Every structure is written in structure tokens, then in C-alpha cells.
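There are 2 protein chains.
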Amino acid sequence: MTEPMDEALRAIAEPRRRAILRLVANQEMPAGRIAEHFEVTRPAVSQHLQVLKEAGLLIERREGTKRLYRARREGLAPLRQFLDEMWGESLDFARRIAEAERGLSDHRSQAG
Amino acid sequence: MTEPMDEALRAIAEPRRRAILRLVANQEMPAGRIAEHFEVTRPAVSQHLQVLKEAGLLIERREGTKRLYRARREGLAPLRQFLDEMWGESLDFARRIAEAERGLSDHRSQAG
DNA sequence: CAGGAAAGTTAGTCATCGCTTTCGTAAGTG
DNA sequence: CACTTACGAAAGCGATGACTAACTTTCCTG
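Chains as they are written, first to last, in full-length UniProt numbering: chain A, 1 to 112; chain B, 1 to 112.
Bear in mind the hints are in silico, worked out from the structure with no lab data behind them.
Do not rely on the hints blindly, as some may be mistaken.
Because identical chains share one entry, a pair is satisfied inside a single copy or across any pair of copies.
[To be verified] Pairs of lysine to any residue residues, derived as SDA-like cross-links and limited to a Cα-Cα distance of at most 20 Å, are as follows:
(1) Lys53 x Trp87
(2) Lys53 x Ala13
(3) Lys66 x Ala44
(4) Lys66 x Arg33
(5) Lys53 x Ala35
(6) Lys66 x Glu7
(7) Lys66 x Pro15
(8) Lys53 x Met29
Just so you know, these numbers come straight off a predicted model, no measurement behind them.
Please work from the sequences and hints to get the whole structure.
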């Protein structure tokens with residue numbers, strides 16, 4: 001079944017893919033330009049892009065022969081959910097939202 | 001340098017290791033009892049435990065011949081930091097929750 | 001159409017990973 | 001001391017993953 005988190009997690013477990021994600025976190029970029037930032041071949045980057053796309057972490061937009069990519073931040077939500085789960089702050093999303101609404105001001109800091 | 005996040009990320013990318021982490025999230029448990037919860041051999045679980053320990057996600061405490069493990073939540077901090085980074089530091093908490101909420105209902109059955 | 005640019009696809013290689021089997025080690029019991 | 005319990009360590013195996021090289025596809029231009 002591969003939960004969404006599973007794919008997202010596998011995707012960002014690869015350092016190169018994290019670098020790609022960071023690269024297109026705040027801007028759209030064509031595949032070729034993305035590949036230029038690394039020392040691997042374009043097909044390699046292309047494969048990474050597909051993994052990220054299938055994990056719901058990237059959005060692809062075509063423009064002529066170019067394919068523009070940018071990060072899809074919502075794709076990281078399942079991961080955040082897992083972290084929150086482990087952290088013991090909440091058990092499900094609805095509850096977390098409720099808590100956030102209730103305690104926006106006193107919730108900010110944790111990590112202890 | 002192998003950032004701490006790198007190891008933690010690789011560690012939790014494995015489904016079985018996540019299951020182990022969940023198992024000892026709120027309670028200490030000896031290696032043997034942990035292994036009983038899975039259908040792989042004890043050495044296999046033992047290897048997972050070591051990976052998690054080296055990633056800073058587990059704490060080991062010896063008691064006689066037993067080795068008790070429990071989750072070390074602070075180990076997930078670097079990961080959380082990465083997520084926050086990707087999510088955009090400028091976004092405040094409420095906005096983040098809202099986006100996550102949108103992402104959940106939006107992502108349900110695509111990625112195909 | 002022909003020609004070129006941008007990118008994905010396929011096949012095959014090498015390293016890594018998760019697993020099992022076998023063996024070793026440390027602590028408790030008689 | 002021998003014996004058992006609880007566990008890790010080492011070696012080897014099959015599967016997966018990241019990469020390269022070569023090919024194909026899509027789109028634009030003349």
C-alpha cells in the first residue's frame with residue numbers, strides 16, 4: 001500500500017534529492033538547470049525528479065520542451081505528522097489543529 | 001561529516017525501524033521483546049536497533065544480561081528542523097497547519 | 001518535412017541494505 | 001566449573017538503489 005509518508009520518507013532519505021528539493025523550494029527551475037548544480041548526469045537527476053514527483057514532493061509544469069519543477073511543501077505533511085506522533089504532541093491531525101488553535105501562543109517551544 | 005539529520009533520516013526511512021521506534025516511544029523494552037513483535041530474526045532486529053542507536057534515536061540501558069531500549073525523541077530534532085526549513089521559515093505556525101490540512105485532503109489519490 | 005534542443009526511458013553495472021545462519025560474549029544460576 | 005539466558009558480531013546472499021551510456025520522444029524553428 002505504501003503510505004504517503006513511506007514514499008516521502010524514502011525520497012528525502014537520499015541526500016541528493018534533499019539538495020534538489022532545497023534548490024526548488026522557493027523557485028521554479030527547469031530540469032536542465034537543476035542538473036547543472038550537480039556532478040551527476042542529467043538522466044540521474046531526471047530519475048531523482050521522478051522519485052520526488054511520485055512522492056508528492058514536486059510539481060511539474062511543462063512549457064514547450066522544458067519541464068519546470070518546484071517543491072510541493074504539502075507533500076511533507078505526512079512526515080511532519082509522523083514526527084509529531086513520535087514527539088507525543090498529538091495523535092492525529094484534527095487534534096493537532098485543535099491544539100494549535102487553542103494554544104498558538106504557548107505552543108511555540110518544545111524540544112525538551 | 002554526515003550530518004545528524006542524514007543518519008536520522010536514513011534510519012527512519014526503513015518501515016521496520018519506524019515500527020520499532022513507535023514500539024519504544026513511550027516505554028522501555030528489552031531487545032528480545034522488541035523482536036517478538038516482528039517476523040524477522042532477533043539479529044535482524046538487533047541490527048535495526050544499532051542503526052537507530054547510532055542515529056541518536058534510541059537510548060540503550062543495560063540491566064544484567066538484558067538491554068533495554070527506549071526512544072530518544074531529541075534525536076528527531078534535526079529532522080524537524082529540516083522540515084521547518086523546507087516549509088519556509090517565514091510561515092508562522094497557524095499558516096503551516098492550514099497548509100498541511102489542505103495538503104492532506106488534496107493529496108489523497110493522486111501521485112499516479 | 002528536416003534539424004536541433006530539452007528531457008525522459010531503458011539496459012546494465014556496482015555498491016548498499018536487510019536478512020539469515022552461525023558463532024561469540026557477558027551475566028546469572030546450580 | 002558447567003549450563004542457560006539474552007544479546008551482539010561476522011559472513012554471506014538476494015534484492016534494491018543510484019549511476020552511466022545509449023536511445024527515444026516531444027516540441028520548436030526554418
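Quick rundown of the hints versus the structure:
1. Lys53 x Trp87: between (28 Å within a copy, 17 Å between copies)
2. Lys53 x Ala13: Classified as both: same-chain Cα gap 15 Å, cross-chain 17 Å, threshold 20 Å.
3. Lys66 x Ala44: within (17 Å within a copy, 46 Å between copies)
4. Lys66 x Arg33: Result: close within a single copy only, 10 Å intra versus 54 Å inter.
5. Lys53 x Ala35: So Lys53 and Ala35 pass the 20 Å test inside one copy only (16 Å; across, 35 Å).
6. Lys66 x Glu7: Result: close neither inside a copy nor across copies, 26 Å intra and 35 Å inter.
7. Lys66 x Pro15: neither (25 Å within a copy, 36 Å between copies)
8. Lys53 x Met29: within (14 Å within a copy, 38 Å between copies)
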